[in-house]
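A.B. asks: Those protein sequences? They're chains A and B, same order as listed.
Residue numbering for the first sequence follows our numbering, beginning at 1234 and increasing consecutively.
Residue numbering for the second sequence follows our numbering, beginning at 1234 and increasing consecutively.
Just so you know, the hints here were simulated from the structure itself, not pulled from any lab data.
Heads up, some of the hints might be wrong.
No distinction is drawn between identical chains; accordingly, a pair holds when it is met within one copy or between any pair of copies.
Quick list of in silico lysine to any residue cross-link-like pairs, SDA-like style, CA-CA up to 25 Å [as the list claims (entries may be wrong)]:
| id | residue 1 | residue 2 |
| --- | --- | --- |
| 1 | Lys1608 | Glu1500 |
| 2 | Lys1537 | Pro1486 |
| 3 | Lys1537 | Ile1574 |
| 4 | Lys1537 | His1351 |
| 5 | Lys1537 | Ser1422 |
| 6 | Lys1537 | Arg1605 |
| 7 | Lys1608 | Gly1311 |
| 8 | Lys1537 | Thr1355 |
| 9 | Lys1537 | Asn1294 |
| 10 | Lys1537 | Ala1305 |
Keep in mind that this is a model prediction, so the values were computed, not measured.
Listed below are the residues making up each chain.
Protein chains: 2
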Amino acid sequence: MASGSAFRVIATEGAARCGVLTTPHGPVETPAFMPVGTRGAVKALLARDLEDLGAAIILANTYHLHLRPGEALIGRAGGLHRFMGWTRALLTDSGGYQAYSLGSRRTITPDGIRFRSHLDGTPHLLTPESAVEIQAALGSDVAMALDECLGSPATFEAARTSMRRSLDWARRSRARFLALQAEAGAGPSPTRTNPGQAQFGIVQGGVFPALRAESAAETVAIGFDAYAIGGLSVGEPTETMYAIVEQTAPRLPADRPRYLMGTGTPEDLFACVERGIDLFDCVLPTRNARNGQLFTSAGRLNIKNARYAEDPRPPDESCGCYTCRHASRAYLRHLFLSGEIAAATLNTLHNVHFYLDTMRRIRDALVFGSFRNLKASFEQSFNPPSA
Amino acid sequence: MASGSAFRVIATEGAARCGVLTTPHGPVETPAFMPVGTRGAVKALLARDLEDLGAAIILANTYHLHLRPGEALIGRAGGLHRFMGWTRALLTDSGGYQAYSLGSRRTITPDGIRFRSHLDGTPHLLTPESAVEIQAALGSDVAMALDECLGSPATFEAARTSMRRSLDWARRSRARFLALQAEAGAGPSPTRTNPGQAQFGIVQGGVFPALRAESAAETVAIGFDAYAIGGLSVGEPTETMYAIVEQTAPRLPADRPRYLMGTGTPEDLFACVERGIDLFDCVLPTRNARNGQLFTSAGRLNIKNARYAEDPRPPDESCGCYTCRHASRAYLRHLFLSGEIAAATLNTLHNVHFYLDTMRRIRDALVFGSFRNLKASFEQSFNPPSA
């Protein structure tokens, strides 16, 4: 990889890999899960919590930060790391997905995405070039190329048109990224706060293997630092998603990390690691925590359930997180029903711990060649036959 | 003091005292400020945060816990300490204030307070006896006697009638408390989870010195473990509040802690310590944190203010709390405007630290005989003449 990043595979088991992604803000052991810090904060957590939980990399949303407080302000503050007090690795998305899903009156043109801010209705145009520039000011360790979000379900024709537009945008994204690198000095500036930033391209193509194959080949030909699979976990059947991952991952360079965007459930993590994925992000552990759903080694636990009203046990008796060491299900249920902020914090601490700990156990298993055993035992305990 | 508590004065300066209140859950150095944990959690904080901040005692609201999850459930869980995972001291109010202010269709009769739950409209009757029993199940280290909340402003006649009813209720509260002590064995049970619980009586009398004097004499004659001053900080002028505290505190036994309920601002803490108060509670630091107001050594800071949009300084440059070590005003403003939970947490951490640190500095100054100097320097920096 060019830029300030490097990737090394340490162990493999089938298609699954264990490795280390080195970034300007420290190493990220892979497979890794990235908690989502939408607006420069992972909801209900502080930076120290994420450090304590062992998060090596988190994700922030370019769309949200562009609208408020704006990348210029963050750039003048020295970049997003310094602004939010996070010293480890950061990945930013391109902003395209939220511009499409949150912006109002959005239209996609060959130029980019026109939309109105969901905050104040102001008009914005997000282009492949501006997405590069915004992320350069934010200074994430990994920037994503702008891609077009395909509505689901889509016809083959629509998916092909969209995929080819994403390819065009990918070429423009890469060109702007490399031009910025050439223009700028070696040191950081408010418009480019992290000179070691890497850029990932994104494979699209919907649920159509031929389109995915074309997108993978062409995106890799552009020559990004690494590659992501986008446009999945958007409503298609799980088995379709797994099949697309299974056929797409081997088309991406083995010496670069592979990032599956917006996925997924704990089951998805195992299934997609098995198919060669190295990086994941998803709002599931944090959003579900705030809705009272806890992920435990014995499966999903809904803390609202009346059966927990007097349950003195922690959410997960085999878990060592702060929440499980200090709070009973009865107390967590009370906090949740009372609308206490502590409910969000305690549930989020637990769920993020569960995700990060699951990834740790997956990495350890890969090193010892016992990933398949771990996956089998996880599936048995997480979704017991007669739950 | 009877019960599991003891109080010892270590140093005095004028009417101000520094001491130690020993409780079944550890010592409380006084003067002390008690953060408010309404429903069994201090809003936006976890128990570990309060421990890290050095809180030796917190307050919980009997009204809220009685309605949800109910004292019987908490009693079966071993008491409020165990239920909420708090190992240090706890004080519970009697529930009267919230029954009056939050309950709907509440009527005060000689028997007690009839009200309907603000949660589900169910009818409840809070009597001096039931307030004792609820708190016995909760197992706080300090229980408060039920008193009548006088609307403000009130005529002398209304204040006298109300004060005398509170005296009657105080006698019934004490009788029920002592009867429970006599009935129960020495060990804890679900209906009396903390056999070392102390009970404080409350002086009322509105803004009328003669009524305050009568209430103090009669309440002390009942023989509580210690005494509080209630019915202040309810809208009367600050100078009136200070005058009532000044004339009432010396009427309370010097060998027992004196608790001023529901107060107050940082200025109030200094003014009332100077007049002989040992214990305080107030929602101000936590509630104002959630509204974006930070207490700093240079005064109040409203983080919403546009002037902080790019301010790289911490809220208080002389503060050592987590927030001031890790977050800029610019970041805190961004989090607040974005409605992030982290804004509530970071602001609350800072404000509670400010209150507890102010009390620490007051105690140190009292030991060294420099309280008046500290108060003068605090007043100068906290409310600078030309802010």
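A.B. asks: If a hint holds in the structure, say so; if it doesn't, say that too.
C.D. replies: Hint-by-hint comparison with the structure:
For the identical chains of this complex, Lys1608 and Glu1500 are intra-copy neighbours only, at 9 Å inside a copy versus 60 Å across copies, given an alpha-carbon limit of 25 Å. Neither within a single protomer nor between protomers do Lys1537 and Pro1486 lie at most 25 Å apart by alpha-carbon distance, with minima of 45 Å and 48 Å respectively. Taking CA atoms no more than 25 Å apart as the test, Lys1537 paired with Ile1574 passes in both settings, with 15 Å inside one copy and 21 Å between copies. In this homomeric assembly, Lys1537 and His1351 come within 25 Å of each other (Cα to Cα) only across copies, at 20 Å, whereas the closest approach inside a single copy is 31 Å.
In this homomeric assembly, Lys1537 and Ser1422 never come within 25 Å of each other (Cα to Cα): the closest approach is 49 Å inside a single copy and 28 Å across copies. In the homo-oligomer, the alpha carbons of Lys1537 and Arg1605 never lie at most 25 Å apart, since the shortest distance is 34 Å inside one protomer and 52 Å across protomers. For a Cα distance limit of 25 Å, the shortest separation of Lys1608 from Gly1311 qualifies neither inside one copy, at 42 Å, nor across copies, at 39 Å. Proximity of Lys1537 to Thr1355 under the C-alpha cut-off of 25 Å is restricted to the inter-copy arrangement: shortest distance 21 Å between copies versus 40 Å within a copy.
Taking the shortest Cα distances, Lys1537 and Asn1294 sit within 25 Å of each other only across copies (22 Å), while inside one copy they are farther apart (30 Å). For the homomeric pair Lys1537 and Ala1305, the shortest alpha-carbon distance between copies (19 Å) is at most 25 Å, but the shortest distance inside one copy (43 Å) is not.
In summary, the structure is inconsistent with hints 2, 5, 6 and 7 from the numbered list given earlier, while agreeing with the others.
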